[in-house]
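Number of protein chains: 2
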Amino acid sequence: MALLIQKFGGSSVANLERLQAVARIIINTKEQGHQVVIVVSAMYGETDQLLQLSQRLNPKASKRDYDVLLASGEQKSSALLAMALQGMGHDAVSLLGWQLKVLTNDSHSKARIQQIDCDLLNQYLLAGTIPIVAGFQGVSNRGEITTLGRGGSDTSAVAIAAAMRADECLIYTDVDGVYTSDPRVVPKARRISQLTYEAMLEMASLGAKVLQIRAVEFASKYAVPIRVLSSYSKGEGTLITEEQSVEQPLVSGVAFDRHQARITITGIPVRYLSVSTILQALSDANIHVDMIIQNASQVDTVIDFSFTVQSDDYLEAKAIANHLQQKLSASAVIASDKVAKLSLIGVGLRNHANVGAMMFSALESENIPVFMISTSEIKISALIDEACLEQGARVLHSKFGLDLEPNQAINII
Amino acid sequence: MALLIQKFGGSSVANLERLQAVARIIINTKEQGHQVVIVVSAMYGETDQLLQLSQRLNPKASKRDYDVLLASGEQKSSALLAMALQGMGHDAVSLLGWQLKVLTNDSHSKARIQQIDCDLLNQYLLAGTIPIVAGFQGVSNRGEITTLGRGGSDTSAVAIAAAMRADECLIYTDVDGVYTSDPRVVPKARRISQLTYEAMLEMASLGAKVLQIRAVEFASKYAVPIRVLSSYSKGEGTLITEEQSVEQPLVSGVAFDRHQARITITGIPVRYLSVSTILQALSDANIHVDMIIQNASQVDTVIDFSFTVQSDDYLEAKAIANHLQQKLSASAVIASDKVAKLSLIGVGLRNHANVGAMMFSALESENIPVFMISTSEIKISALIDEACLEQGARVLHSKFGLDLEPNQAINII
Numbered sequence: 223m224a225l226l227i228q229k230f231g232g233s234s235v236a237n238l239e240r241l242q243a244v245a246r247i248i249i250n251t252k253e254q255g256h257q258v259v260i261v262v263s264a265m266y267g268e269t270d271q272l273l274q275l276s277q278r279l280n281p282k283a284s285k286r287d288y289d290v291l292l293a294s295g296e297q298k299s300s301a302l303l304a305m306a307l308q309g310m311g312h313d314a315v316s317l318l319g320w321q322l323k324v325l326t327n328d329s330h331s332k333a334r335i336q337q338i339d340c341d342l343l344n345q346y347l348l349a350g351t352i353p354i355v356a357g358f359q360g361v362s363n364r365g366e367i368t369t370l371g372r373g374g375s376d377t378s379a380v381a382i383a384a385a386m387r388a389d390e391c392l393i394y395t396d397v398d399g400v401y402t403s404d405p406r407v408v409p410k411a412r413r414i415s416q417l418t419y420e421a422m423l424e425m426a427s428l429g430a431k432v433l434q435i436r437a438v439e440f441a442s443k444y445a446v447p448i449r450v451l452s453s454y455s456k457g458e459g460t461l462i463t464e465e466q467s468v469e470q471p472l473v474s475g476v477a478f479d480r481h482q483a484r485i486t487i488t489g490i491p492v493r494y495l496s497v498s499t500i501l502q503a504l505s506d507a508n509i510h511v512d513m514i515i516q517n518a519s520q521v522d523t524v525i526d527f528s529f530t531v532q533s534d535d536y537l538e539a540k541a542i543a544n545h546l547q548q549k550l551s552a553s554a555v556i557a558s559d560k561v562a563k564l565s566l567i568g569v570g571l572r573n574h575a576n577v578g579a580m581m582f583s584a585l586e587s588e589n590i591p592v593f594m595i596s597t598s599e600i601k602i603s604a605l606i607d608e609a610c611l612e613q614g615a616r617v618l619h620s621k622f623g624l625d626l627e628p629n630q631a632i633n634i635i
Numbered sequence: 223m224a225l226l227i228q229k230f231g232g233s234s235v236a237n238l239e240r241l242q243a244v245a246r247i248i249i250n251t252k253e254q255g256h257q258v259v260i261v262v263s264a265m266y267g268e269t270d271q272l273l274q275l276s277q278r279l280n281p282k283a284s285k286r287d288y289d290v291l292l293a294s295g296e297q298k299s300s301a302l303l304a305m306a307l308q309g310m311g312h313d314a315v316s317l318l319g320w321q322l323k324v325l326t327n328d329s330h331s332k333a334r335i336q337q338i339d340c341d342l343l344n345q346y347l348l349a350g351t352i353p354i355v356a357g358f359q360g361v362s363n364r365g366e367i368t369t370l371g372r373g374g375s376d377t378s379a380v381a382i383a384a385a386m387r388a389d390e391c392l393i394y395t396d397v398d399g400v401y402t403s404d405p406r407v408v409p410k411a412r413r414i415s416q417l418t419y420e421a422m423l424e425m426a427s428l429g430a431k432v433l434q435i436r437a438v439e440f441a442s443k444y445a446v447p448i449r450v451l452s453s454y455s456k457g458e459g460t461l462i463t464e465e466q467s468v469e470q471p472l473v474s475g476v477a478f479d480r481h482q483a484r485i486t487i488t489g490i491p492v493r494y495l496s497v498s499t500i501l502q503a504l505s506d507a508n509i510h511v512d513m514i515i516q517n518a519s520q521v522d523t524v525i526d527f528s529f530t531v532q533s534d535d536y537l538e539a540k541a542i543a544n545h546l547q548q549k550l551s552a553s554a555v556i557a558s559d560k561v562a563k564l565s566l567i568g569v570g571l572r573n574h575a576n577v578g579a580m581m582f583s584a585l586e587s588e589n590i591p592v593f594m595i596s597t598s599e600i601k602i603s604a605l606i607d608e609a610c611l612e613q614g615a616r617v618l619h620s621k622f623g624l625d626l627e628p629n630q631a632i633n634i635i
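So the sequences go chain by chain: P and D.
Heads up, the first sequence is in our numbering, so the first residue is 223 and it goes up one at a time.
Heads up, the second sequence is in our numbering, so the first residue is 223 and it goes up one at a time.
Chain P extracted, bound-state conformation:
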């Protein structure tokens, strides 16, 4: 008998039929002899509708009342799911953040969990009652409702799993696991059966939106095994743990992000260059900069400075760059939002210099020019022409043996 936390997202509880399907999944798990604690998001569309109401009424409303408003969505879905389970003959009880004492800090709308009281959950488990926790919400030590930010229900589930020392935290979504790449782009993409937290973090940050980044960080910190699986179909899903699977190849996936834009300020006289001035100007506008390249050598008197931003911020970032061009006496601003970031993900990539060589030779062989490169411990990213993205993703997926089943994988190193 294991203690399992099962978390269901908004699309899994979108309507009465889905709520009943989810109830059956829960009952199935319980009837296999496991103890279960459920965490649930608001019904699909509910949070957006509440956000819209508050935006139209007062875009600058207090975050405190914004949290009260938004938390009503999970209150509704948790009560309804408890009712569905009761209707199928099982004791179930909805539990709100303040009832469970999910203690957070005071940062309304993006609060951080500090502590979870497990007493109430243990009491219900002992009594054979299924606790249905409203995700995404907590309570501050002032007794105010707080919310954890978009996708916070994943974090709620992982935090409860950590506090309860659960055997596994199951995150149910509308896909059946984490894939080696996006199947819509790379038809040969396969489900990954096991993955490390680090690799999952990179996959997530690069657009594989199955899990919230904060939830993975939390899970990593407390060594909570997460399993991503589908509430629509049966299957093992993808297990995310500390340990590297014996079958896990060096390269675990090909991720990409189309929502990229690149801005280059060219011909900045070296004596005027101030990287901090540039980054501060962008930061003041709340624009997050991703890749940064500055190709200065000691003999240059002028240099080019390039950076990438999310395409939502493109126009504003371009305007700031134009302003900086004058301030820094630079020659010009060259900008484009027709670029995309293509990345190889794999734990320990940096220790294997030939992976980079293989990656860029593969792109060159397809005549795909690379504008910018960035690397980390476990990823290598290339900024390329958006039009070349699909072709690039497919060629990397093949080149690194991801088209094949793991046990057939070629030894690339």
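These aren't lab readings, by the way, just hints derived from the structure by calculation.
Worth double-checking, as some hints may not be accurate.
No copy is singled out in the list; a pair is fine if it fits within one copy or between any two copies.
Stated by the list, open to error - Lysine-lysine pairs mimicking DSS-like chemistry, simulated, CA-CA at most 30 angstroms apart: (1) Lys621 with Lys549; (2) Lys282 with Lys549; (3) Lys252 with Lys285; (4) Lys252 with Lys282; (5) Lys282 with Lys332; (6) Lys282 with Lys621; (7) Lys252 with Lys332; (8) Lys621 with Lys285; (9) Lys285 with Lys443; (10) Lys443 with Lys560; (11) Lys323 with Lys549.
Once you have looked at the hints, place chain D on chain P.
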């Protein structure tokens, strides 16, 4: 400077425009130098929608989770109203039942308020912040969300007014006060400027649905002055207090209820008659009996037994009567749902015997037959043919001087 509790119903906060109109009413009151505490219902239609969801999912769901579900409606509207006020430059804060510590008993879905902690409200008032209380909800001493039953927001408002010793509890609705009769039926019906709790209770129980009966009882118990007024237009509304207004005439209104049905079991042999058997059979079916008439004299050997029920219960009550007819060896069952109850309301009516005489002579003069009569301290009701209802209401309204302004009222006694 007065301390005022202002309660806004569902239609008053039905959409963003109405929420803003309500915010302006609140600000107006505050700018006149008053302290205000606001109580708000769920947005119009919200509670019905939640009820429908729970009904379709599980009609027998636990009342505990039903309360969690329903309470989300007022949570939403209170947060939105706080946001609207903030948008107009006023500090406001939403407060839920558990935050305010509106302590109730454990009777989920129809809980009774036991105590309200005023500390938090006083703190906010002192700081110049407008508290927006989510009506209809409380918390049990087990820390569970409870709700007060349909229309419970009126009760919340009156209870807060009592606990805070407020000067007045203003109930905003979509009508501008309590009327001497229904203006759709009696075109000369006038708004009543002042009324006692007792008279209001009778008006409410007879179909004048501006106020919840429980809220009036509560107000009466704690001597909280209530004012019923419109959130759509300006005006003094109707003040409901302990004291009888000097201008209040003996008869304060003509009320009626069309949803009546009459059932008579005729020719019950006296030796078989058992009133308790009849009433128990109806009570077992959860049918509430209103008027009861049993015209037995000592010389009769058979008697007729008549009673009225709400028309919703008509068919079921008729079936029960048919069953009883056999059991009691009675002659027949005569039943009709084409009847209506017409009532005169006025404090102290019973002490003025001539009111009854005037009432029935007025009905007789219009050839309106009366089937049943019941009286209380402050009302005289007649069951009549539904088709005669409007004519009867108008003739009584004229006869008792209600067509005239109070200061012109004729002295009828």
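We went through each hint and held it up to the structure:
With identical chains, the CA atoms of Lys621 and Lys549 are never at most 30 angstroms apart, being 46 angstroms at best within one copy and 89 angstroms at best between copies. Taking CA atoms no more than 30 angstroms apart as the test, Lys282 paired with Lys549 passes in neither setting, with 33 angstroms inside one copy and 70 angstroms between copies. Taking the shortest alpha-carbon separations for Lys252 and Lys285, only the inter-copy value of 24 angstroms comes in at or below 30 angstroms, while the best intra-copy value is 38 angstroms. When the C-alpha separation of Lys252 and Lys282 is checked against a cutoff of 30 angstroms, the pair qualifies only between copies, where the shortest distance is 22 angstroms, while the shortest distance within a copy is 45 angstroms.
Proximity of Lys282 to Lys332 under the C-alpha cut-off of 30 angstroms is restricted to the intra-copy arrangement: shortest distance 16 angstroms within a copy versus 37 angstroms between copies. When the C-alpha separation of Lys282 and Lys621 is checked against a cutoff of 30 angstroms, the pair qualifies neither within a copy, at 50 angstroms, nor between copies, at 58 angstroms. For a Cα distance limit of 30 angstroms, the shortest separation of Lys252 from Lys332 qualifies neither inside one copy, at 33 angstroms, nor across copies, at 33 angstroms. Within a single copy, Lys621 and Lys285 get their C-alpha atoms no closer than 49 angstroms, and across copies no closer than 59 angstroms, so neither meets the 30 angstroms cut-off.
Taking the shortest alpha-carbon separations for Lys285 and Lys443, only the intra-copy value of 28 angstroms comes in at or below 30 angstroms, while the best inter-copy value is 39 angstroms. For the identical chains of this complex, Lys443 and Lys560 are neighbours neither inside a copy (37 angstroms) nor across copies (72 angstroms), given an alpha-carbon limit of 30 angstroms. Taking identical chains as interchangeable, the C-alpha atoms of Lys323 and Lys549 are never at most 30 angstroms apart, the minima being 52 angstroms within one chain and 58 angstroms between chains.
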